[in-house]
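As they're listed, the protein sequences go chains A and B.
Each number in our numbering corresponds to the 1-based position in the first sequence with 133 added.
Each number in our numbering corresponds to the 1-based position in the second sequence with 723 added.
By construction, these hints were calculated from the structure, which means they are not laboratory data.
Computed from a prediction, not measured in an experiment: that's the story for all the values here.
Treat the hints with care, as some may be off.
Dumping the calculated DSBU-like pairs for lysine-lysine here, alpha-carbon to alpha-carbon at most 35 angstroms [to be verified]: (1) B:Lys920 x A:Lys275; (2) A:Lys230 x B:Lys920; (3) A:Lys265 x A:Lys230; (4) B:Lys741 x A:Lys275; (5) B:Lys832 x A:Lys275; (6) B:Lys832 x A:Lys230; (7) A:Lys265 x B:Lys741; (8) A:Lys275 x B:Lys751; (9) B:Lys933 x A:Lys265; (10) B:Lys920 x B:Lys741; (11) B:Lys751 x A:Lys265; (12) A:Lys230 x B:Lys751; (13) B:Lys751 x B:Lys920.
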Amino acid sequence: MRSVPSAVAIRCRALTKRYGAQLAVAGIDLEIRSGECFGLLGPNGAGKTTTVEMLEGLTPADSGEIELLGARWGAGRDDELKQRFGVQLQDNQLADKLLVEEVFTLFRSFYRRGKSTAELLALLDLESVGRKQYGQLSGGQKQRVAIGCALAGDPDLLFLDEPTTGLDPRARQELWAVVRRFRAAGGTVLITTHYMEEAAALCDRVAIMDRGQIIALGTPRALVDSLGLVQFVEFESPDAVNAAELEQLSCLESVERRGEHYRLRIDRSLGSLATVLQELERQRVTPVGLSAQQATLDDVFLQLTGRALATENGKTAVAEPGS
Amino acid sequence: MSDPTGEARPNALWELTKARLREFAREKGTIFWVFGFPLLMAMALGLAFRSTPPERPRVALVLAPALAGESTAAESTAARAAQGLLQSPRLQTEQLSHEQALRDLARAKVDLVVEWDGDRPVYRFDPMQQRSALARALAADAQERALGRPDRLAIAEAPVSEHGSRYIDFLMPGLIGMNLMSSSMWGIGYSLVLARKRRLLRRFAVTPMKRSDFLLSYFLSRSFFLLIEIVVLLMFGRLVFGVEVRGSHALVLGVAFLGAAAFAGLGLLIGSRVENTEAASGWMNFVQLPMWLLSGTFFSYERFPGWLQTPARLLPLTALNDGLRGAFNDGGTLWQLRQPLLVLGAWCVVTFVTSGRLFRWY
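Required output: the full structure, derived from the provided sequences and hints.
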């Protein structure tokens, strides 16, 4: 049934797309293995959606090669190819007046093989709203219906384009569970997101995109480790902290200050954490809201681009440091 | 190839068509606008323009005081003539004073003043008013007859009040035509634009769905509602106003389908590129406006100046109305209706071919 685990599900080489003067995708190489969950990570406008839509065959590439499930677009077998993958598009709305189960039956009818409406409702935890109209669902439920449509043809490969943007944390968790279930059955997933924690939670490998290019690629762990084995100590302090003296510590790499907010980058060991805390105590600083954190993919993005990928309420703002 | 669950694979065309039917039927507003509104309009216009006999012209009779006193003298010419006027069934005559009669004439309360002064009547009226001219002719006739003028010809009158020549008989086919225009154009064009705006077309384009199935489902669902629309309006016209189809019902249906197809083509043309619903509404109204004005739905376009009639005849709604009226009221045959049918066919070909070239899924 499924392809062999080592096989390649998606391969593209030197993929480019230009919109007017803007180079939306500037020569991308990717190789996504079957059974893998691969994340395309980056801020809005990084070229993630354009890349995915070129792979899906929705947007013609200006140049480059695409191989999807061993086939190429435009080779006369496009409909065969479309039988084998499912898509959730960004900003896609289905007909408001149709019941969820009617929507599933409709999408099921496009595919030769597939899952029954009852199976889809169960897979997506939507049994309780199967007889509700799509227009009356919550954002999270609508997104799961969209993924249900993508799964209606029992695909080998699933494309998800920012599936959790604008969803609350609980709805996001529910959606992640659906993706994990699909993967557990052997499916391949290509997901775009601007939530670093989403990529870390779901993906085997991640490519970080910025301005149409892939600027880093690897497992989330390896990407984080590429920063060096560091952790961050954050706190607020109304008392002045003597940064110069802090920087004398050998375990400390940098001090970042925004008003009363401090962020120290130190070696990833309990010993260095203790050293820093002792130094703060020596300076008679009383830190408020002290926390120690491992580095995240956000830090990787910051390190690579010099910009923060701050995510708030589902909106991505790329902030210049120190602003 | 087989479904692992053993369930039969649903048919895509049927599912798409059902989805269209459901979306339409579950939209509260559309049911009213497609079915209720034309019925209300037919009701209102049918009652407003109900055929009533024309009002008889009103005549004010003024007799000089001297004559009035003599009215008992049966031999008096004026008295006999006045009697004729007062008894004429074709006129409403009342006797008024000179001043009152002139005042009423000025206010158009009467159409004619007949004033006897001496031995001849004076007819006062506005010759620009049709009814005044009629009143003058009828009054003269009534007075002459009263004085003994014989008729030289024995005239036989054959009053015509057949069904099929009343205003409502003219109106019903036009209302059906107009209804087909708006429901076909909106039903196809607007919903395509809406589907494009919601990126639904794009979503379908990444499935193996056959694109022909998708477009065909629009036409199947429209045809279904078209049948209902026509049956509802026909029944209404027949039950409420006694409007009957004098030609063949099959021809009425054929003309209606061809007309609806032409408008579906126009809707498809608008829906083939437009991306937002506001622009779609604008285009719909822009395309329909000349037809509201020129296609003779409410009043015959044959009253328009000659140079306007040819372009008016080329509009699809005019052709549809002419075709429907031909089949309804004149009992026309397919051959007699060839001109409007050709116009509709041409609209179909042009709009479908152009849409095929222009249509964008995303």
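Structure-based check of all given hints:
no.: 1; hint: B:Lys920 x A:Lys275; result: holds, 17 angstroms
no.: 2; hint: A:Lys230 x B:Lys920; result: holds, 16 angstroms
no.: 3; hint: A:Lys265 x A:Lys230; result: holds, 9 angstroms
no.: 4; hint: B:Lys741 x A:Lys275; result: holds, 21 angstroms
no.: 5; hint: B:Lys832 x A:Lys275; result: violated, 70 angstroms
no.: 6; hint: B:Lys832 x A:Lys230; result: violated, 60 angstroms
no.: 7; hint: A:Lys265 x B:Lys741; result: holds, 17 angstroms
no.: 8; hint: A:Lys275 x B:Lys751; result: holds, 22 angstroms
no.: 9; hint: B:Lys933 x A:Lys265; result: holds, 27 angstroms
no.: 10; hint: B:Lys920 x B:Lys741; result: holds, 21 angstroms
no.: 11; hint: B:Lys751 x A:Lys265; result: holds, 17 angstroms
no.: 12; hint: A:Lys230 x B:Lys751; result: holds, 11 angstroms
no.: 13; hint: B:Lys751 x B:Lys920; result: holds, 21 angstroms
In summary, the structure is inconsistent with hints 5, 6 from the numbered list given earlier, while agreeing with the others.
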